[in-house]
Amino acid sequence: MTQLTQAIVLGLLIGGVYALMASGLTLIFGVMNIINIAHGAFLVLIAMVTWWMWRETGIDPILASVVTTPLMFAFGWVVYKLVISRVRNAPPSMSVLLTFGFAMVIEGVLNVTAGNKFKSAAPSYFEESFRVGGISLPKAQLFGFLAAMAVLAVLYFVLTRTWTGRAIRAATQNPSGAALVGVGASGTAALAFAIGAATTGVGGSILSVLYPFFPASHYDWISRLLGIVVLGGMGSLPGALIGAAILGLAETLTATYGSLAWSTLVFYVVIMAVLLFRPHGLFGARLREDAP
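Residues in the sequence shown are numbered from 1 upward in steps of one, following our numbering.
Where hints are given, some of them may not hold.
Below 20 Å or equal to it, Euclidean Cα-Cα: the simulated DMTMM-like pairs (lysine to aspartate or glutamate) are [stated by the list, open to error]:
| # | residue 1 | residue 2 |
| --- | --- | --- |
| 1 | 117 | 220 |
| 2 | 119 | 56 |
| 3 | 117 | 56 |
| 4 | 119 | 60 |
| 5 | 139 | 127 |
| 6 | 119 | 220 |
| 7 | 139 | 128 |
These are computed hints drawn from the structure, not numbers from a lab.
Just need the whole structure built from these sequences, with the hints factored in.
In structure tokens form, the structure reads like this:
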């Protein structure tokens, strides 16, 4: 029983981090109908920046998100204005190709500047744990989870309690109606993309501690995050939370009672099983077949 409880606790801790990473991806899709394939590359980019800051200054990698988050917000705003806005009204396939190309550029730059070797930040508490009864809570996973939950709480507050958040949600639910009441589509889209990119500022800093990474790691991360978003429902933040929890639990339970090598496969089997009965995901909205 203790072993099962330990696996569930670790799965939820990891799932919380996955939820943060996926939240920006699903927010961008919900507002702009754009699938940002470069989202995984954003995470790896910030993981590399965080690792460099930790190595050069000794700053705690998770606390470094205080710097990396506004950095990524500004970066996301510039990327939208210079790149993404050009395919804003194009078919979704164009945004996939464009952001995939942008991910390739980031990977190439990192290969040249940082080298094609695995890196990982290892703060002093990396191998330490808290003990609660018979349950072990690794400090790195716990601190990463708490940071992720704090950012998700701020994101929830912004989306539900501020005019900016209401504008973003209005643009998500009814773009035409939002435009009629003065919500500018272009400005709202730029803000949503910048917020989505800002979540990678924290997510990438946490990633640098919890997982080894190298420039091409973004392929693995975008596949995981797309799986979470598809499972939960494209554009659904609650769906991303549930999908992330399922992935975290699938990884830890499979590693505990089977083999870690099978954990990701189990998750994708769950996705296929769910989509057989709910093609739009757990929380996704069913679309009219004649809708554009």
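Going down the list of hints, with the structure as the test:
no.: 1; hint: 117 with 220; in the structure: holds, 16 Å
no.: 2; hint: 119 with 56; in the structure: holds, 14 Å
no.: 3; hint: 117 with 56; in the structure: holds, 18 Å
no.: 4; hint: 119 with 60; in the structure: holds, 16 Å
no.: 5; hint: 139 with 127; in the structure: holds, 8 Å
no.: 6; hint: 119 with 220; in the structure: holds, 15 Å
no.: 7; hint: 139 with 128; in the structure: holds, 6 Å
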